[in-house]
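Protein chains: 4
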Amino acid sequence: MPAQIGFFGLGIMGTAMAGNLVKAGWPVTVYNRTPEKAAALVAAGARLASTPLSLAEETDILIAMVTGPEALDALLWGEQGAAAAFSPGKTFINMSTVPPRYTLALAEELAPLGVTFIDAPVSGTKKPAEEGTLVILAGGDQDRIAALAPLFQVLGQKMVYCGPVGQGSMMKMAINLLLGVMMTGLAESLNFAQKNGLAPEALFAVIGAGALNCGLFQMKKEMLRSGAFPPSFPLKHMTKDLKFIIDTAFDSGAPVPTAHAVLQLFRAGVGFRLGDADFAAVYQVLEHMNSRE
Amino acid sequence: MPAQIGFFGLGIMGTAMAGNLVKAGWPVTVYNRTPEKAAALVAAGARLASTPLSLAEETDILIAMVTGPEALDALLWGEQGAAAAFSPGKTFINMSTVPPRYTLALAEELAPLGVTFIDAPVSGTKKPAEEGTLVILAGGDQDRIAALAPLFQVLGQKMVYCGPVGQGSMMKMAINLLLGVMMTGLAESLNFAQKNGLAPEALFAVIGAGALNCGLFQMKKEMLRSGAFPPSFPLKHMTKDLKFIIDTAFDSGAPVPTAHAVLQLFRAGVGFRLGDADFAAVYQVLEHMNSRE
Amino acid sequence: MPAQIGFFGLGIMGTAMAGNLVKAGWPVTVYNRTPEKAAALVAAGARLASTPLSLAEETDILIAMVTGPEALDALLWGEQGAAAAFSPGKTFINMSTVPPRYTLALAEELAPLGVTFIDAPVSGTKKPAEEGTLVILAGGDQDRIAALAPLFQVLGQKMVYCGPVGQGSMMKMAINLLLGVMMTGLAESLNFAQKNGLAPEALFAVIGAGALNCGLFQMKKEMLRSGAFPPSFPLKHMTKDLKFIIDTAFDSGAPVPTAHAVLQLFRAGVGFRLGDADFAAVYQVLEHMNSRE
Amino acid sequence: MPAQIGFFGLGIMGTAMAGNLVKAGWPVTVYNRTPEKAAALVAAGARLASTPLSLAEETDILIAMVTGPEALDALLWGEQGAAAAFSPGKTFINMSTVPPRYTLALAEELAPLGVTFIDAPVSGTKKPAEEGTLVILAGGDQDRIAALAPLFQVLGQKMVYCGPVGQGSMMKMAINLLLGVMMTGLAESLNFAQKNGLAPEALFAVIGAGALNCGLFQMKKEMLRSGAFPPSFPLKHMTKDLKFIIDTAFDSGAPVPTAHAVLQLFRAGVGFRLGDADFAAVYQVLEHMNSRE
Numbered sequence: 001m002p003a004q005i006g007f008f009g010l011g012i013m014g015t016a017m018a019g020n021l022v023k024a025g026w027p028v029t030v031y032n033r034t035p036e037k038a039a040a041l042v043a044a045g046a047r048l049a050s051t052p053l054s055l056a057e058e059t060d061i062l063i064a065m066v067t068g069p070e071a072l073d074a075l076l077w078g079e080q081g082a083a084a085a086f087s088p089g090k091t092f093i094n095m096s097t098v099p100p101r102y103t104l105a106l107a108e109e110l111a112p113l114g115v116t117f118i119d120a121p122v123s124g125t126k127k128p129a130e131e132g133t134l135v136i137l138a139g140g141d142q143d144r145i146a147a148l149a150p151l152f153q154v155l156g157q158k159m160v161y162c163g164p165v166g167q168g169s170m171m172k173m174a175i176n177l178l179l180g181v182m183m184t185g186l187a188e189s190l191n192f193a194q195k196n197g198l199a200p201e202a203l204f205a206v207i208g209a210g211a212l213n214c215g216l217f218q219m220k221k222e223m224l225r226s227g228a229f230p231p232s233f234p235l236k237h238m239t240k241d242l243k244f245i246i247d248t249a250f251d252s253g254a255p256v257p258t259a260h261a262v263l264q265l266f267r268a269g270v271g272f273r274l275g276d277a278d279f280a281a282v283y284q285v286l287e288h289m290n291s292r293e
Numbered sequence: 001m002p003a004q005i006g007f008f009g010l011g012i013m014g015t016a017m018a019g020n021l022v023k024a025g026w027p028v029t030v031y032n033r034t035p036e037k038a039a040a041l042v043a044a045g046a047r048l049a050s051t052p053l054s055l056a057e058e059t060d061i062l063i064a065m066v067t068g069p070e071a072l073d074a075l076l077w078g079e080q081g082a083a084a085a086f087s088p089g090k091t092f093i094n095m096s097t098v099p100p101r102y103t104l105a106l107a108e109e110l111a112p113l114g115v116t117f118i119d120a121p122v123s124g125t126k127k128p129a130e131e132g133t134l135v136i137l138a139g140g141d142q143d144r145i146a147a148l149a150p151l152f153q154v155l156g157q158k159m160v161y162c163g164p165v166g167q168g169s170m171m172k173m174a175i176n177l178l179l180g181v182m183m184t185g186l187a188e189s190l191n192f193a194q195k196n197g198l199a200p201e202a203l204f205a206v207i208g209a210g211a212l213n214c215g216l217f218q219m220k221k222e223m224l225r226s227g228a229f230p231p232s233f234p235l236k237h238m239t240k241d242l243k244f245i246i247d248t249a250f251d252s253g254a255p256v257p258t259a260h261a262v263l264q265l266f267r268a269g270v271g272f273r274l275g276d277a278d279f280a281a282v283y284q285v286l287e288h289m290n291s292r293e
Numbered sequence: 001m002p003a004q005i006g007f008f009g010l011g012i013m014g015t016a017m018a019g020n021l022v023k024a025g026w027p028v029t030v031y032n033r034t035p036e037k038a039a040a041l042v043a044a045g046a047r048l049a050s051t052p053l054s055l056a057e058e059t060d061i062l063i064a065m066v067t068g069p070e071a072l073d074a075l076l077w078g079e080q081g082a083a084a085a086f087s088p089g090k091t092f093i094n095m096s097t098v099p100p101r102y103t104l105a106l107a108e109e110l111a112p113l114g115v116t117f118i119d120a121p122v123s124g125t126k127k128p129a130e131e132g133t134l135v136i137l138a139g140g141d142q143d144r145i146a147a148l149a150p151l152f153q154v155l156g157q158k159m160v161y162c163g164p165v166g167q168g169s170m171m172k173m174a175i176n177l178l179l180g181v182m183m184t185g186l187a188e189s190l191n192f193a194q195k196n197g198l199a200p201e202a203l204f205a206v207i208g209a210g211a212l213n214c215g216l217f218q219m220k221k222e223m224l225r226s227g228a229f230p231p232s233f234p235l236k237h238m239t240k241d242l243k244f245i246i247d248t249a250f251d252s253g254a255p256v257p258t259a260h261a262v263l264q265l266f267r268a269g270v271g272f273r274l275g276d277a278d279f280a281a282v283y284q285v286l287e288h289m290n291s292r293e
Numbered sequence: 001m002p003a004q005i006g007f008f009g010l011g012i013m014g015t016a017m018a019g020n021l022v023k024a025g026w027p028v029t030v031y032n033r034t035p036e037k038a039a040a041l042v043a044a045g046a047r048l049a050s051t052p053l054s055l056a057e058e059t060d061i062l063i064a065m066v067t068g069p070e071a072l073d074a075l076l077w078g079e080q081g082a083a084a085a086f087s088p089g090k091t092f093i094n095m096s097t098v099p100p101r102y103t104l105a106l107a108e109e110l111a112p113l114g115v116t117f118i119d120a121p122v123s124g125t126k127k128p129a130e131e132g133t134l135v136i137l138a139g140g141d142q143d144r145i146a147a148l149a150p151l152f153q154v155l156g157q158k159m160v161y162c163g164p165v166g167q168g169s170m171m172k173m174a175i176n177l178l179l180g181v182m183m184t185g186l187a188e189s190l191n192f193a194q195k196n197g198l199a200p201e202a203l204f205a206v207i208g209a210g211a212l213n214c215g216l217f218q219m220k221k222e223m224l225r226s227g228a229f230p231p232s233f234p235l236k237h238m239t240k241d242l243k244f245i246i247d248t249a250f251d252s253g254a255p256v257p258t259a260h261a262v263l264q265l266f267r268a269g270v271g272f273r274l275g276d277a278d279f280a281a282v283y284q285v286l287e288h289m290n291s292r293e
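Residue numbers (our numbering), protein chains in the order written: chain A, 1 to 293; chain B, 1 to 293; chain C, 1 to 293; chain D, 1 to 293.
Chain A with its partners taken away, still in its complex shape (with noise of 0.2 angstroms):
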């Protein structure tokens, strides 16, 4: 019999990852605090568990993909917590970004429960999501973690190791280090060439010819053109990672330059009201400092 899959959070990310464990067959049970989202799951086979103690209590394998700390203590400590059913032979996986001493902290509350933990956050936004191409950066017991890859390669393309719980919140900080800072790049470069009379069209077609294109690049290109930026990462999310990022960089003695003047821009954008829009409006920002003579 295979393992009880459950599932917390039904956001973006959360509602595409459990719905291709529900289209590979897997037996999966959801919660969210906010039923109502589960209903496509439901449609396609998913239960739906009233609390998350219940969820706990019926599944072998629980993930979360849920906001931040805040909604994970909630999640695992609050009313009808999922941790009061924590055991040897469960084995919890934190999808979730959250800051690597946030995830070492847990992993210590957690020791005593005898709960098998994963750290395991993704690279990869809505349509990687969707597609089952994220990249799962895998943080715990290396042994467990093979033995869960049948999980992983329908969530996600590629899982790399990257060491003992923690390293996969650490390495989800590098990444987002560098996908904020190219983003900003991106925006950074765009708004100087529209400033001194370079048609966007004619920068993209540049940047897609040569050896700076990438994925994000293409996938935001459509935002930059058109101004509208539904989220598929939102602003305020990069904006909290940018902070832990720095945070991160100060206890380490690494210097992140770049870093600093980017958190800075996104900040900004959470104070003129970008935060529910997608990262890339990081580009309006910009347009807001512009010169206006």
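To be clear, the hints were calculated from the coordinates, so they are not data collected in a lab. Possibly wrong hints are sitting among the right ones.
When chains are identical, the list treats them as one kind, so a pair holds in a single copy or across two.
Derived DSSO-like pairs: lysine-lysine, alpha-carbon spacing no greater than 30 angstroms straight-line [unchecked claim]:
(1) Lys158 - Lys243
(2) Lys243 - Lys221
(3) Lys23 - Lys195
(4) Lys158 - Lys195
(5) Lys23 - Lys243
(6) Lys37 - Lys195
(7) Lys221 - Lys126
(8) Lys236 - Lys126
With chain A held as given, fit chains B, C and D onto it using these hints.
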């Protein structure tokens, strides 16, 4: 009878580009301050001119690929300079990277001579130059540029029309802004990862599998792993370009906070005697600033 | 009978402050983890307590001047901690620099004990502490703070009421933001001047004669000239404070781009093993980054 | 017979300075592009010249206090320009703020004319100019500068010898670097304080009582409180100076990360149409970037 091509400047880029023209069967005459550098090209069938002036007299389409404004000025206006032979019917294509305002000033100086002036810097460094896969950023008369397509097809895989003379140089600045930011982003991410216990191989595996992957990162991976930085695009040239970008951005009122942060790292790199290394050595600037606690 | 004063923490600042209280005739009992540091104070008439708890039991007004949250926590809640003796009728004045959010959390923890809690960090370092010319930044009940005026007058030349508990710490952050920026501005100006052929004496003469002149620059001139940086305010403490400032600014949405730039220099200073030097050694961080061409 | 003084440029600074010379009894002839601005000076005893050339012909010591290189070029080399009357025996003192490299180029151009050229920008703005308490930063022949002491004593309270021609301008850059950083530090601290619930009056009380207090902060306090920024030193001029500083720092290899951060705020200020306001309006740039959540 095909047009006679004159080629000035046999550095890393120029040698590769002139070589591709010779291989493609164009009649090419070359000039370089150090004539020894022309030996292989002459062996392959190129002719060698003894002065810029004689090269300009003997050829119809003149291409310059030199290190910057000073070298170009010497070539055009110095002793036995090429400009003295410029006349209606001849075409001068500057493919060297120079600031847009230099290009505009040069266009004014060349106008009375009747020569057609095309501004055509390239995106891409050593390897694309050798493989003929550069992207050519062309500014100038659009019909004349279209007529040069057979020539450009030998040098690059794609030609993007950027606008009037000066806008090729401007596009180059927009691209190098993005290039400098992306390279620094990768360096900052890699250094951050290592200071926090992640293996470089794991980071590159994650990058390579996701939406951030691009030719640049694949090209620079080996340098970053080995710590050896043979110059494909020297750090001092990127430094110079970023200074142009800051200056242009200042004049046009486009905010470029990330470019400011990045410039300071490259400038420090020149100070740390990394100017002749590849610009990927910005990674070593970060290492130099790492906490040594 | 005058109130009995208890004083925790005999570092550079605390020793000077407690000394002034003794000199002014207040009955002072001191506690320090390393009791040897109390010798001169005891010789001058202070009493020495053997634990934080006994100090709190024997005195009415308790003043803490320690290195930060960790030291304060140990003092209050550690073994033989002072908090066990806190009760209505006693007043606890924290003059250590701590983040505002720490102060707010502490206020909540102390509330059930009935002790009056005053938040009163100071502006000024070693010399003003010795001369009793500190500026006291007081947060808490305004009437109670007014009643403490005779005590504060011994320690400082001026007391500024900043608002409810937490706002003394917040004011300290606002001042240290300015302090860090001004010190770095002086260092950057001096280094710029020297790299461009100006004599430091000439620069100091110009500064000393104009509207930029201030006590800080006069105090630090000798350090900058001599290259010796005996700590009046250690660089590592300024680094810690600037990190608090960045964090607070992030949370409140106040842009602090200059503070970000300055923090990165101080953090590098800690990496360059200048953490125990005076914070004016930020000048040496710049020298370290100077071009060595 | 005392030397005849010629004075070019009757802006905020020049009017005050020429007025002090007239009051001190020096024979002064003035020139300004808009002659109406000379009315009060003429009423006080100055003579008015109709062209720069006639002013230069009629006087021995010529002082220029204009807005920058362009104005100075027009004055010297334009139609009826002053340089045509420069000759051995005459002294030309440039007190306008210009980049050091401009000063050096000007020195070369003036050398063949035999005129003594002194580079003497000032530290201080409107009020010190009116009160004759400027600090004069003199570059050039040291004996000649010493001989000019009686003249300089009328204009300023102190003259600092900075080195050969060009070093007066260089000192001005070093001072304006510090000035720009300090003003921005105050603005950032004030904005931070207000966003976190502190009263501006309390912040100014703390600053005023401590080691950070200086003439600049006292002068700007009223502007910051009222939100009205009548120009004493226009923001656009500080922006221009900071750009010179960045450029000079780049060339000399002196790291100026704080100046980079500050320049970007001032440049944004020009974009926000604050260029003609006093440079203390950098505070409004921060307010503009404040989170509006």
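Each hint tested on the structure:
1. Taking the shortest Cα distances, Lys158 and Lys243 sit within 30 angstroms of each other inside one copy (27 angstroms), while across copies they are farther apart (37 angstroms).
2. In this homomeric assembly, Lys243 and Lys221 come within 30 angstroms of each other (Cα to Cα) both inside a single copy, at 26 angstroms, and across copies, at 27 angstroms.
3. Taking the shortest Cα distances, Lys23 and Lys195 never come within 30 angstroms of each other, neither inside one copy (48 angstroms) nor across copies (40 angstroms).
4. In this homomeric assembly, Lys158 and Lys195 come within 30 angstroms of each other (Cα to Cα) only across copies, at 24 angstroms, whereas the closest approach inside a single copy is 40 angstroms.
5. Taking CA atoms no more than 30 angstroms apart as the test, Lys23 paired with Lys243 passes in neither setting, with 36 angstroms inside one copy and 47 angstroms between copies.
6. Neither within a single protomer nor between protomers do Lys37 and Lys195 lie at most 30 angstroms apart by alpha-carbon distance, with minima of 43 angstroms and 38 angstroms respectively.
7. Taking the shortest alpha-carbon separations for Lys221 and Lys126, both the intra-copy value of 16 angstroms and the inter-copy value of 28 angstroms come in at or below 30 angstroms.
8. Only within a single protomer do Lys236 and Lys126 lie at most 30 angstroms apart by alpha-carbon distance; the minimum there is 16 angstroms, versus 40 angstroms between protomers.
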